[in-house]
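Number of protein chains: 6
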Amino acid sequence: MNTREIGRQIIEELMGPKYMENRDKQRNAFNSVLHDYADEVCFGRVWARKGIDRKLRSILNVAMLTALNRPAQLRSHLEGALTNGCTVDELQEILLQAAVYCGLPAAVDAFRIAEEVLRARNLLD
Amino acid sequence: MNTREIGRQIIEELMGPKYMENRDKQRNAFNSVLHDYADEVCFGRVWARKGIDRKLRSILNVAMLTALNRPAQLRSHLEGALTNGCTVDELQEILLQAAVYCGLPAAVDAFRIAEEVLRARNLLD
Amino acid sequence: MNTREIGRQIIEELMGPKYMENRDKQRNAFNSVLHDYADEVCFGRVWARKGIDRKLRSILNVAMLTALNRPAQLRSHLEGALTNGCTVDELQEILLQAAVYCGLPAAVDAFRIAEEVLRARNLLD
Amino acid sequence: MNTREIGRQIIEELMGPKYMENRDKQRNAFNSVLHDYADEVCFGRVWARKGIDRKLRSILNVAMLTALNRPAQLRSHLEGALTNGCTVDELQEILLQAAVYCGLPAAVDAFRIAEEVLRARNLLD
Amino acid sequence: MNTREIGRQIIEELMGPKYMENRDKQRNAFNSVLHDYADEVCFGRVWARKGIDRKLRSILNVAMLTALNRPAQLRSHLEGALTNGCTVDELQEILLQAAVYCGLPAAVDAFRIAEEVLRARNLLD
Amino acid sequence: MNTREIGRQIIEELMGPKYMENRDKQRNAFNSVLHDYADEVCFGRVWARKGIDRKLRSILNVAMLTALNRPAQLRSHLEGALTNGCTVDELQEILLQAAVYCGLPAAVDAFRIAEEVLRARNLLD
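Protein chains in written order, with the working numbering: chain A, 1 to 125; chain B, 1 to 125; chain C, 1 to 125; chain D, 1 to 125; chain E, 1 to 125; chain F, 1 to 125.
Source of the hints: derived by calculation from the structure; they are not laboratory data.
All of these numbers come straight from a predicted model, not from anything done at the bench.
Please note that the accuracy of each hint is not assured.
The list cannot tell twin chains apart, which means a pair is met if one copy fits it or any two copies do.
As the list claims (entries may be wrong) - Below, simulated EDC-like cross-link-like pairs (lysine to aspartate or glutamate); rule was C-alpha separation at most 20 Å, straight line:
#1 Lys-55 x Glu-93
#2 Lys-55 x Asp-89
#3 Lys-55 x Glu-90
#4 Lys-50 x Glu-21
#5 Lys-50 x Glu-90
#6 Lys-25 x Glu-116
#7 Lys-55 x Asp-24
#8 Lys-50 x Asp-89
#9 Lys-55 x Glu-79
#10 Lys-50 x Glu-116
#11 Lys-55 x Asp-36
#12 Lys-25 x Asp-53
With the sequences and hints as input, model every part of the structure.
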């Protein structure tokens, strides 16, 4: 497999085949450069590396996206974190630590998004 | 031990007794509220929790502080990450992933700080 | 009263009993650590302090949340600022100053949210 | 024309007469200071300057608003960029470059907004 | 007095005649547009307004500049805050509140700068 | 030439052969992943694209790096902008526009760095 195919396989493993199908339908002449960048650079080049496992890569993204204030990607990578074996208790610890370092408002926003993700998966009592 | 003592013990384990001694010397009437906040809230309340280990807490901070653009704290928590068992190869992966999500300039700054930390510990060839 | 009770009383005085009731209903096993953190650290420990009055604490939050780009919390603390005696004219000055220091786009977003808050309270002609 | 009139003329040329009419209807006692600031400082004082053309001013704003994470203003200035002669291919390049420097999540958000703007103008196949 | 003269008078009252003299010496063909912008927009137009007093304007800047991560301007406006009657105890409260909302790293950086400012004025024991 | 070689050629054209030589000396086992990322992704993949010229790419970076608060990279890309034909007057306009959108403190920091770059090239009277 070339870099692009490796990247696409990782995205599909992370987000599921339905996500991948939707994503491909939304591809057009304008956004194709970004799709290629995500496939080849983000996933094919960086996520494909060894050295840290995918669970940790997902956790890093949850931490960074909370700090960066990017709710849409945070939601996707909270999904990915659960897929990669991150537990609800671990997510709780990660986002609580974000309250201290990124500030309470960042954590409030992140917890709200995480609750929506967990509820949709019946992981919230 | 009360929360404050637990927090102070964690800081000392993370940063070393010399750091702690220096820190206590710098305490004064003005910054004492911040010292107490760090001791009791950041370390005594959050770092003291179970659920994720200290190595992961350090890694989260490296990721968040790279995103938040706070070089002085990043340096301290890169030290802490190494103390908590994070390897040089793992740091390399974490900061490379930051290049994709936080942007190349954030990663360039973080790599430079990490190189200084690693060189001071003879961990860079 | 312990720190938690003091914190909860301040939140209720700031946001009203209805907000508090809703907030308690939304508490669950996942977000309880964040609720406790807000109750005990943010409100019980910091807002409970003397030295500056609550009106100024609200104003600080309006300024910081505008800079931090956190619209949901900005809305809550605009409410709190009005409750704590901040006038419409004062809010206008605060957000205009944010235009200079945080940039015009930050101020445009903050004014829009403030207008919604003021309109709901019939404070906008 | 005075600074305010010059500024208002530039806004109208950038965003169209309909936008201007709506904007004037939304003016009230609270937001008038911000409207004046935008008219006189942003447009009358800065956009009115020579030295770089309006197309480049629009492009600068697309780049800065992507970095600053301000989607509502980004949308307006993507409109302005198209009005000022920026092509779809140029926008694609600008936002791809943002992926490298501001991080992939910033670019994903910006591409999504740009796609909505382009679709509304029938500029997306 | 025109807007520029009003602005310059406010800067001088805020920062002192020595600062003003230095500032004027550093003026050159390149930075003159920024000097004029600061004189006329920031100080002549916004700081000159009534509605909130200068002490509060200084405090707003301390809060916003801590959030915005701009240490050089933070230093200047900590000076200005003291000149405008802000006490050391008030600064302590303001920066502690920033720890909760902007995150601990932002507050650590701001306290360090504030300590340097206070020490230079013999306001720190 | 492969992507890496194309990227390295662009960096050298942008920053000069001396910069490139220094950069290669600083390459080590730790930072090599970042060097490769910059060579292949940032320059070989994105800067190498047609569609906008290099002068505009440099200008985009000046705008984004001012917004992102990354002074070290801003300095490099101000150098690059001058190399790519950006005039002093154009830089002045770009950074003044940043004052409006990113806030005055961001522009003050950027002008200071730009002045140092211009002075070193005898481009400041």
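Each hint, compared with the structure:
1. Lys-55 x Glu-93: Result: close both inside a copy and across copies, 15 Å intra and 13 Å inter.
2. Lys-55 x Asp-89: Both: 14 Å inside a chain and 16 Å across chains, each within 20 Å.
3. Lys-55 x Glu-90: Cα proximity of Lys-55 and Glu-90: in one copy and across copies (11 Å, 13 Å).
4. Lys-50 x Glu-21: neither (27 Å within a copy, 30 Å between copies)
5. Lys-50 x Glu-90: Answer is between; shortest inter-copy Cα gap is 10 Å, intra-copy 22 Å.
6. Lys-25 x Glu-116: between (25 Å within a copy, 16 Å between copies)
7. Lys-55 x Asp-24: neither (25 Å within a copy, 32 Å between copies)
8. Lys-50 x Asp-89: Between copies only: 10 Å across chains, 26 Å inside a chain, cut-off 20 Å.
9. Lys-55 x Glu-79: So Lys-55 and Glu-79 pass the 20 Å test inside one copy only (11 Å; across, 23 Å).
10. Lys-50 x Glu-116: For Lys-50 and Glu-116, neither the intra-copy (31 Å) nor the inter-copy (24 Å) Cα distance is at most 20 Å.
11. Lys-55 x Asp-36: Intra 23 Å, inter 25 Å, cutoff 20 Å: neither.
12. Lys-25 x Asp-53: The answer is neither: 30 Å in one copy and 31 Å across copies each exceed 20 Å.
In summary, the structure is inconsistent with hints 4, 7, 10, 11, 12 from the numbered list given earlier, while agreeing with the others.
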